[in-house]
Each structure stands twice: as C-alpha cells, then as structure tokens.
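Q: These are the residues of each chain, in order.
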Amino acid sequence: MTSDATTPAGPAPASADRTYDAIVVGGGHNGLVNGAYLAKAGLRTLILERRPLVGGAAITEELRPGFWFTTFSYALSLLRPQIVQDLDLVEHGFFPLLMSSTFAPGEDGEYLWLTKDHDQNVREIARHSRHDADAYTQYSHDLDVVCRALKPLLDEAPPDLFSDDPEERLALARLAQRFRGMDRRTLHDTVRLLTGSAADFLDDYFESELLKGYLASTSIIGSKVGPRSQGSGLVLLYHSLGEHDGEFGSWAFHKGGNGGFTQVLARAARAFGAEIRLEAPVQAVLSRDGRVTGVALDDGTEFRAPVVVSSLDPRRTFLELVDPRELPDDLVENVRRLRFQGTSSKVNFALDGLPEFPSLPGRDDVFRGFTNIGPGMDYLEHAFDDAKYGRFSARPYIDGAIQSTIDPDMAPPGKHVMSCFIQYTPYELRESDWETERQNLGDTVQKTLESFFPGFGDLVLQREVVTPLDIERTTGLSEGNIFAGEFLAPQMYFFRPAPGWSQYRTPLEGYYQCGSGTHPGGCVMGAPGMLAARRILADRSGAGAR
Amino acid sequence: MILTTPFHERVAALNRTGLWEHWSNHLAARRYQLSDKAEYFAVRDSAGIFDTSPLFKYRISGPDAERFLAGMLARDVRACPVGQAQYTCWLDDRGFLVEDGVVLHTAPDEYLLASAEPNLAWFADRAGRLDVRLEDESDALGVLAFQGPRSRELLARLVPAVADIPPFGVTAGEIAGAAVTVSRTGFTGDLGYEVWVPADDALPVWDALWESVRGYGVQPFGLDALHMLRIEAGLLLLDVDFTSSRYAWNDAHRSTPVELGWEWMFADLAAEDRAFIGRRALERELEERTSRWTMRGLVVDWHDYERVYDEAGLLPPRDHTPVLEDWMVYKDGDRVGYATSFMYSPVLQRHIAIARVRPDLAEPGTDVKLEFTVNHRYEQVAAHVARLPLFNPERRKAR
Ligand SMILES: Cc1cc2nc3c(=O)[nH]c(=O)nc-3n(C[C@H](O)[C@H](O)[C@H](O)COP(=O)(O)OP(=O)(O)OC[C@H]3O[C@@H](n4cnc5c(N)ncnc54)[C@H](O)[C@@H]3O)c2cc1C
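Chains A and B, in that order, are what the protein sequence lines are.
Just so we're aligned: 267 in the numbering used here is position 274 of the first sequence, and the numbers increase by one with no gaps anywhere.
Just so we're aligned: 110 in the numbering used here is position 123 of the second sequence, and the numbers increase by one with no gaps anywhere.
Simulated from the structure, these hints should not be mistaken for lab results.
Possibly wrong hints are sitting among the right ones.
Said to hold, decoys possible - So the derived list for chain A, only partly shown, Cβ under 8 Å to chain B, looks like this:
#, residue
1, A119
2, K248
3, P401
As the list claims (entries may be wrong) - Derived Cβ-Cβ restraints for the label pairs, each shown as a range:
#, chain 1, residue 1, chain 2, residue 2, range
4, B, E275, A, E160, 53 to 61 Å
5, B, D321, A, Q75, 25 to 33 Å
6, A, D291, B, D151, 24 to 32 Å
7, A, E428, B, D151, 52 to 60 Å
8, A, S352, B, G202, 21 to 29 Å
Just so you know, even glycine gets a beta-carbon here, dropped at the ideal spot from N, CA and C.
I would like the entire structure built from these sequences, with the hints used as guidance.
A: Here's what the structure looks like:
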C-alpha cells in the first residue's frame, strides 16, 4: 500500500554533486521498472517523481480509515513475467492474488458466472446457448494460438522500418519470418483482430448476447471505440495478451492493489541502488548541442546525467519537457496529431457490506473477481453512442471489482471497497464540463449498479469520482487517456509513439522515452520500461540492443 | 464403511464441489470451491481452516512416558518441556525412517503423538516393562488446522493464550465451553495453529471459530490446497516423498532422516547418551558420511523453461497442481537425483520441486537439470539447488 511511499530514498546516498549516470523522469511503474533495470546494470540512477508517492496511474490510497482505494488502475495481467524474475520482485513482496471468478449479470435477472474451472464454464455457458458452450472452447483456443504467435512482440522493440542499418533489416526479416511461419488460419485471425471489430470476430463464434457482451468488454477498455467499431479487435487482442500464472487473458489483484505493486517496484529499484526522489517535478530536460545534459526541477534545482529517460506520455516528452523547436518537424507534427481522447473514469466505493444479486440470494462468492456490467453488445454500443456526441453514457459500461473479497486487508472486517472502471466518459464534454458533471457521473454509475443489485445505494459509505480530467491532472496522462495514447493501429508498433521513433530513442542524444506511449503501450505491463532500459544499456556499450 | 470426521456436518455444508478424498478411511474435502488455488491464497493471505481429524493420534502417559518416548523417537523428546511440541521421527534399527509426526507434551507424564499411518503396534510392542499407557485417541479427537497470517490475531480472540505461544508452543484453552488444546503447528509452512478438540465438542467449537472469523477472508481449504502449501513449505509427505521402512521392499525405497534433510534434529546427539532405536546406525551414517542423498528444493530456471516450451511450439504451462511422481535430476549428463513433488508456486512465481540430490551437489545454488516431458520427448531444463523450505515467511518464526 502507500503507507511507506513517503519514506526517504533507500540505501543509495544522494549524490552530493547531483550527478548521475541516468535520470528517469516520472515514478510511475514504467519509470520504476526502467530505473531498476538501469540500476541493476550498475548505473547511478535517479528517479524523479512529481507527486508525494510513486506509482503514477497505479496507486492505492486510504481515502477513509481502513478503506484502501485503487484510485486509477486496479488489476494486473499484462505485466511481463520476465520482469518479475529479472528484478527479483518476489523477494520485494510481489504477490498477485487470484481472482477466482467473473460475474456478468444480465438485465433480466440472468447472469453468466465464469470460474477457473473450464468444465464448469462450458456448463454455465450452455445455460445460455448449447452452441456457444462448444464454441467457447474453440474461441479460447483460437485466441490462445494468436496470442502465442504475437507474444514475443511484447518483449522486443519493433524493428525500425525506416532504417538502412543491416541489424534493423535483419530484425524486419525475422518479423516477416514470424508471420510467414503462421498457418493460414492463425495469420488471418491475427489480421482480423488487428484491423477489424471485436463484434465481427465474436459473431463468428457466438449467439448469446450476454456472453458476447462479456467478451466484447475488453475490446473497448481505454479506447474511444465501440465493439462494432473497426479497431476494437486490436484492443481485445491486446488485453488477451496479458497473462497470470501462464494463462492468457487472466487477471490478478496485487496485494494492496496496483499501488501495492508499485511499492514493490520501488523497493526493488532501491535495492538495486536507484535513488527515488518524491515531490520532485521536472520542469525541463536540459541539453547542449543536441545532447542531453540533465534536468531542472520546478524549483530550479538541477541534476546532471548523460542519460535522461522520460516516462511521461509523448505529448509531454516531446512538446513540454524539451523545446519542440529543437526537434524535427515531422516528429513534432506526428506527436501533435496523436490521438488521446480519454473516455474512461473511475468511481470507487466504500461499502458497508456486499451487494446481492436477486437471482442468487446469499451467494456473496460471485464477487471474487470482476463484476462486468456490459450485458450484451447493444448495451456496450449504446454506451458508446453517447460518447460520439460528447456525452457520458446514460447507462455506462462498468468493470467492477470488490477487491476486499480477495484481499481482506483493503477494508475493515465485513466492509468492502469496490473499484468501478467506467466507460464512456469523454474528456471533452460537448455541453458541460467535468467539474459540473462529477457528481452526476457518480449518480449515474450508482443508479446503474442499483438496477442490477437492488439496495446497492444503501451500502455506499463513501464514493470517489475520478473523471478524465482528474486522471490528467493527477497522473499527467494527457486528456486522461489511460494508455498514454490510444490503441489505434496507426499509433501502435512501428508507429508508437511516432514513425521512426519506436525504439525508445529521441532526436536528442541521450534522451530516451520509456512510458506507456511507447511500444507495446499502456497497462501495468512494464515492457516499455524494460525495453527502453535494454536500448539505453546497449547504446552505452556501443552494441546492438537485440 | 467410510467414516466421517467429527466436523463433517459443517464441512459438508461448506463443500460446494462435492469432491471428497478418501483419507485414512474418512471423507476429506478435496476442495470446497472450484478453485483450489483460491483456497491456497486464503491461507497465504488471510487464514484457512483445514479438517485434519483423520490423522492417527496416540496419547502416551504414565510415569515412564518420557523414558519410553526418548527410546522410541529419534529426536530427543526430553528437550521438549510441557507446553511444547516437537516435529519428530522414529527409525528402525538400521537407521531407516519408520515415520514422522508431531508430539505434543500436554502435561507432566503425558504426550500426544500424531502420525499419518497407524503406529500403535510399533510403539506398544516396544514398551517392555515400562510404566506407560498407550491409548488410541484417533476417533476421540477432532483436529482443526487454522493457518495463515491472520490466524494468530483471530484465534487469540477465542483463546487469548494463543497470542503468546512461540512456534511449536502448546496451550490449553476453552472454546464454546469445550476444553481444547492449541498447538502452534501445521503443515502449511505459514503462521498457524492446530486445535485439538474432543470429538463430542467438535460442532460447537467449529461454529464458534467459524462465526468469529466471518468477514476476515477466512476460508476452509481442502487437500488439494494443502498439497500446494506443504510443497512450498518443504514438508515431506509419507508415500510421496518417502516410504516407511516397515513397508519398503528394498533399501532404494528407504530413507534415513539425514537423507531427508533432518540432520538438524540431531544437533545435540553427541552431548546426550540416550539409547534410542536406530541410534548406532545414525551415528555411523553421520560419522562415515554414508548418506546417499540430500533432500533439497529445486528452483527451475524461468528463462530456460520458457525457451524449451517455446521451441517446441507450446505455451509454457504454469500449473499449480502438484505432480507427485519421480522426475529425474541430471548434472553433466549423469543422473544425480530425483524429484518427488513438483509444482508451479504462485507465491514464488517459479516452478519448484522437492528432490533428492547427491550430497556432493547439495550446495545451494548448484546448477542441475530437471527432466520434463515436452512434446512427448524428454527435455532437460536448467534448475538450481536450494535449501528447504523454499517459502518461509518471517511471520512463521515470529515469537
Ligand atoms: C483509471 C485508470 C484505470 C486503469 N486500469 C488499469 C488496470 O486495471 N490494469 C492495467 O494494467 N492498466 C490499467 N490502466 C493503465 C495503466 O495504469 C497505465 O497504462 C500505466 O499505469 C501507466 O504507467 P506509466 O509508468 O507509463 O505512466 P504513469 O503511471 O502515468 O506514470 C507517470 C509518472 O510521472 C509523474 N510525472 C508526471 N509529470 C512529471 C514531471 N514533470 N516530473 C516528474 N514526474 C512527473 C506522474 O506523477 C506519474 O507518477 C488504467 C489507467 C487508468 C488511468
């Protein structure tokens, strides 16, 4: 949790002359991962975080005595397992707790309750459609096959399409080889997912609306797309690439929430010798003759280092921390037209007890995982319709999670905390603003939950509404986009964050990027931080990064 | 007829899977819910309750009780005062292991010994002229294991003395008006207790405990979760990791306590002159260093495991379900040992095993290979030798 977040930096003594081998701007999870890898490689590393606690979008806060809220992100899946190994995270307290089921209530008293038991799931789906019960196994397998083929891409930097370097050419050839090695079906599924809509893909398998709604939910997370929009397939695929204990698409709650996880990262980084400074907002990255020389804080303090790594989103990395006039025009232009369009919010509740689903009286074990309010493709698509016209959804999609059922330390005995991820809530409201709408959004979410769980409102002890504007203001994620740049095909892989700059370098020598705006992208995944460190260390040694 | 434990009425109501195992002719829940892993996490993160009543329990009392046990048990029971328990073992005269168990020193001249298999004849036949009484209490006592980080705080609300007992401490107490014995023992490698209850009081005791832990994330756990927990804790299981010398067909199936990693039980052997069964053989083994094996943990190399499966075109499985079979251990092409319990540990995020290795390779950190079957072919994956237990949280040892 965040209780030890404000303790002073660990063993590494503050550098008296304020000179380091590397400075990381931002102590979100990617900055911490990056700093930990650099420190592990022996670099004197300083991580500078603007806020009084590390974690960025992955924090846990005690908003009411004994009630711990995951203010922003709330579950773990995309985290690259090799980071857990490389950074000895288990020794520092890495502890992902199992969510044993997912509950998807329908609007008519029906429900879909999926567990960790495949045979039971087949039966459960058969209650809705015998056809889908069989198709579900096929779907899961087909998706696994695609995921297995694509997984290695998460653990490597994309080749540089625009380079004549023989090494890059070779990497590109290897990439082509990987796709040529796929069978026709897998390759076609991959392309359909990367370019098409989740609805089209799911319609090929299923007929149950409830099941489709549940499965389509991951296709809209963090993105201004509906399940029927082209491009939602990519979002679904991205989320399916996560894994927990080897199972694709499976999620976990970290002990103490995602803030508990970033505290583990901070301990690991310090153990490797990195220094973390809190309440240290970086005003500017300093450079001379096209080479980075260090950073200056808001209060004027300067730190020197030949390597500076920005974990902030591309807009801040290229347009705010450095002077865009020193950068190539095409990069500046590409960063300017990057799409952010945050559409997600959080509403977090402190509850006096567990809600009850009328068709399952007394069954409080339905809450031992996600509660997915997205009963059908139409429901999700209607929710999206509102966003198209600059309104938040009248009946929003909700990814709920009563984390205290899994981690009882997050609330007092018998009480609970519930994290609700909400879509769609456009950053730019057409007819109002978020200060005005904050409580209206809270009411809408509460009313929606009430319609599925009558009596829900009576359980609410406290409510925290986190709008896209709050996300932007608190974490710095532009327009509140949870992934530091939307997951749209033209903003991924070769093009993340901009064509020609997908390998963590920048035009300024010694200035690197390691945030979610770089490949592979957002989520508490750590890959950008890890891959950027690999790049930096390779550049230092003059060798290739591959 | 298959029997039920004194807690059966309650555990049966909680068992939502209807899956039972046959354990010493008793019904024992395999799992209460569909995910054994969820039960495992309850123990590692909060607390879990396990009905361990099918154990065999013997009360050994009388003026010569201590003398008797001192001659029967290999570990010196005289070092176990009243209010203490010992993990112990007993040997045959060749120094091979008969069985292991826990002995509670419940009162002056009175002990309670728990074991997995019947041992009454083994003990009774060796009492000779000593003034000692042996009673089979197996059916008279129910036992609940209450294990996990929250166990101390929660159980102390019912039995305040629990707050102060050290590891392997024993205390008397009262729950729901029933006289119970609580020992700080268990088979999970976590902070935890076992509550010994007269069978007739079992249900009220269960109810009182269960009611008192509501809202604290406590769950009942079954045998599947127990297996996971005990492998992480490096706790060996009879007929899985070793065989009783009484029923072994040859010496390859027999083990000495030193080979099983219990040399620590005999740290003071030289300083005490106690005669016990197997002593001379044990001394010889220690002196001449004739142990054939050393029991160790193996930790599989994460990257190598990934590589082997990836090259085979497969997803690397990370299944927490324990595999209780012999798997071969190699070094430079030679077979140098074998693993008997293997699993993916969710807490350690690695594949781990309990294995015997040649004593010269027992140094923690030694690189070896563990043999897997991948794509129907044998593949060797890098692993390193580690000391048991592989999971050993501070809270377990905390006073
Ligand atoms: C509401 C919400 C819910 C989400 N849910 C999930 C989820 O459940 N699971 C999941 O995997 N992902 C989720 N995500 C996405 C995920 O949390 C993010 O992609 C990820 O945490 C971003 O990490 P990062 O390190 O790249 O950036 P950030 O976490 O944004 O870190 C950037 C850090 O830089 C600091 N900073 C900013 N400016 C400066 C400056 N000038 N000087 C110094 N420091 C500065 C910030 O304070 C911050 O700590 C969610 C995101 C949000 C917003």
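Q: So, for every hint listed, does it hold in this structure?
A: Against the structure, the hints:
1. The criterion of a C-beta within 8 Å of any C-beta in chain B is not met by A119(A), whose closest approach is roughly 16 Å, and the hint is violated.
2. For K248(A), the shortest C-beta to C-beta distance to chain B is roughly 7 Å, which falls under 8 Å, so the interface hint holds.
3. Below 8 Å, beta-carbon pairs count as interface contacts, and P401(A) has one with chain B at about 3 Å; its hint therefore holds.
4. Roughly 60 Å separates the CB atoms of E275(B) and E160(A), a value that falls within the hinted 53 to 61 Å.
5. For D321(B) and Q75(A), the Cβ-Cβ distance of about 31 Å falls inside the hinted range of 25 to 33 Å, so the restraint holds.
6. Judged by the Cβ atoms, the range 24 to 32 Å given for D291(A) and D151(B) is violated: they are separated by roughly 53 Å.
7. Between E428(A) and D151(B) the C-beta distance comes to about 55 Å, which sits within the given range of 52 to 60 Å.
8. A C-beta distance of roughly 24 Å is found between S352(A) and G202(B), which places it inside the suggested range of 21 to 29 Å.
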